[in-house]
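So the protein sequences, as listed, match chains A and B.
Taken in order, the first sequence gives residues 2 to 302; the numbers are from the numbering used here.
Taken in order, the second sequence gives residues 14 to 127; the numbers are from the numbering used here.
Bear in mind the hints are in silico, worked out from the structure with no lab data behind them.
Take every hint as true, because none was put in to throw you off.
Partial list, computed: chain B residues near chain A (C-beta under 8 Å): (1) I94; (2) A99; (3) V100; (4) H104; (5) A115.
Distance condition first, Cα-Cα at most 20 Å in a straight line; then the derived SDA-like pairs of lysine to any residue: (6) A/K176 <-> B/A120; (7) A/K176 <-> B/P96; (8) B/K20 <-> B/I122; (9) B/K20 <-> B/H52; (10) A/K176 <-> A/S287; (11) B/K51 <-> B/R88.
Glycine included, each C-beta is placed from N, C-alpha and C at the ideal position.
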Amino acid sequence: MEEQDGRAGPAVAQGPDIDAELLRELVAHLRHHRTRLREEWARRITDAQLLSVMTAGEIFSEVTAVYDNYVDALETGSIEALEAYARSLSERIIPRGVETHEVLGVVLLLRDVLARSLFEKYVEDSDLLNRVLDAYEPAANRIAVTVGVSFVQERERVIRQQQLAIRELSTPVLKVREQLLILPIIGALDTARARQLTEQLLRGIRDNRAKVVVIDITGVPAIDVEVANHLVQAVRASRLMGAHVIISGLSAEIAQTLVNLRVDLSMMQSVGDLQGGIEEGERQLSYAVTRIDGVGAEGEG
Amino acid sequence: MPVSILKQRHYLIASVQSALTDTEVLELRDALLAELAKHRSRGIIIDVAALDVIDSFVSRSLTTVARTGTLRGARTVIVGIQPEVAVAMSHFGLGLEAVDTALDLEAGIELLDR
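Model the full assembly from the supplied sequences, consistent with the hints where possible.
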């Protein structure tokens with residue numbers, strides 16, 4: 002144990018020991034061959050069929066910008082500018098469907114292209130080559146990580162934003178008749194959404210003076226104990242405000258789950274589908290729906 | 014007692030103006046049952062719109078009034094439970110199962126009239 006600790010010390014201390022002179026030379030080399038290396042990189046991106054959603058022109062202009070930022074980051078050791086650029090680039094390409102593996106592949110390709118040009122330049126002197134690579138590799142790896150992480154972070158931000166938007170859109174409370182509301186639920190229910198749903202339901206009951214509410218869960222793929230209990234609570238709270246709740250569209254799977262989980266459903270009225278739910282609600286509110294031509298009258302009440 | 018009990022046709026209406034202490038809850042219960050005997054009312058409406066909290070003691074007392082009322086031929090309706098109160102109550106399992114509920118006084122009278 003102690004031996005390892007002793008060895009770890011100098012290994013870390015080697016970091017700032019990089020040959021500053023060499024790094025400068027390296028940067029000068031990359032600047033000098035900018036055009037050729039850039040083209041080489043763009044060509045290899047196309048060959049590897051990465052960034053297939055972008056046109057060749059777009060790829061080339063992004064390649065130029067990233068290349069320059071990359072060399073700047075190598076020179077200054079500061080990755081802030083590159084990080085900012087990577088983030089704005091991600092913002093532009095994520096909506097177009099660029100995947101994480103493509104971004105990582107592209108960055109690693111640049112690393113390969115540059116490393117290979119270094120091999121060519123220092124092929125005569127393997128000792129010098131090793132020292133140049135010592136200076137180049139840590140910086141290059143750090144840059145690759147930065148770009149990859151920026152991309153993933155940007156993607157996570159977009160996902161979070163979309164989740165929020167979906168959540169806000171996803172639980173409409175609709176009035177179909179005087180005193181009759183429907184609440185169609187589409188998509189997975191989690192605890193946070195179930196809670197929000199209860200709030201909206203109760204507000205809807207108060208604002209519309211509703212007596213009957215049909216909660217339709219045809220669009221809900223699955224339910225766990227916690228969510229089921231939230232639903233039961235929503236039903237109970239609605240009753241306290243004087244509204245009767247009818248649940249419609251329980252799938253066979255969900256029905257089985259609820260029974261197996263032994264959720265107490267004694268106070269829930271459940272009907273097969275949304276149509277049945279609305280008909281039952283109309284019956285309770287003494288609505289009668291008839292076709293004006295008298296054919297196939299639906300409601301007798 | 015911050016509750017006034019009014020007689021309206023065949024119904025008694027108790028409207029709670031502010032939070033009740035435990036003693037006041039019991040007083041309300043006894044007063045309602047006494048009025049019920051006096052007026053031979055057919056329904057009781059208790060308006061709790063002013064309450065921010067309905068705890069287990071209050072809800073048990075309300076249930077007692079409702080059960081006793083039913084035995085003496087009067088239907089009890091609790092009206093005016095606020096959305097936040099309803100959420101909290103259902104969360105703690107206080108469903109007032111034995112009692113009828115309605116949105117407000119108007120809806121409560123409508124329910125009794127049926």
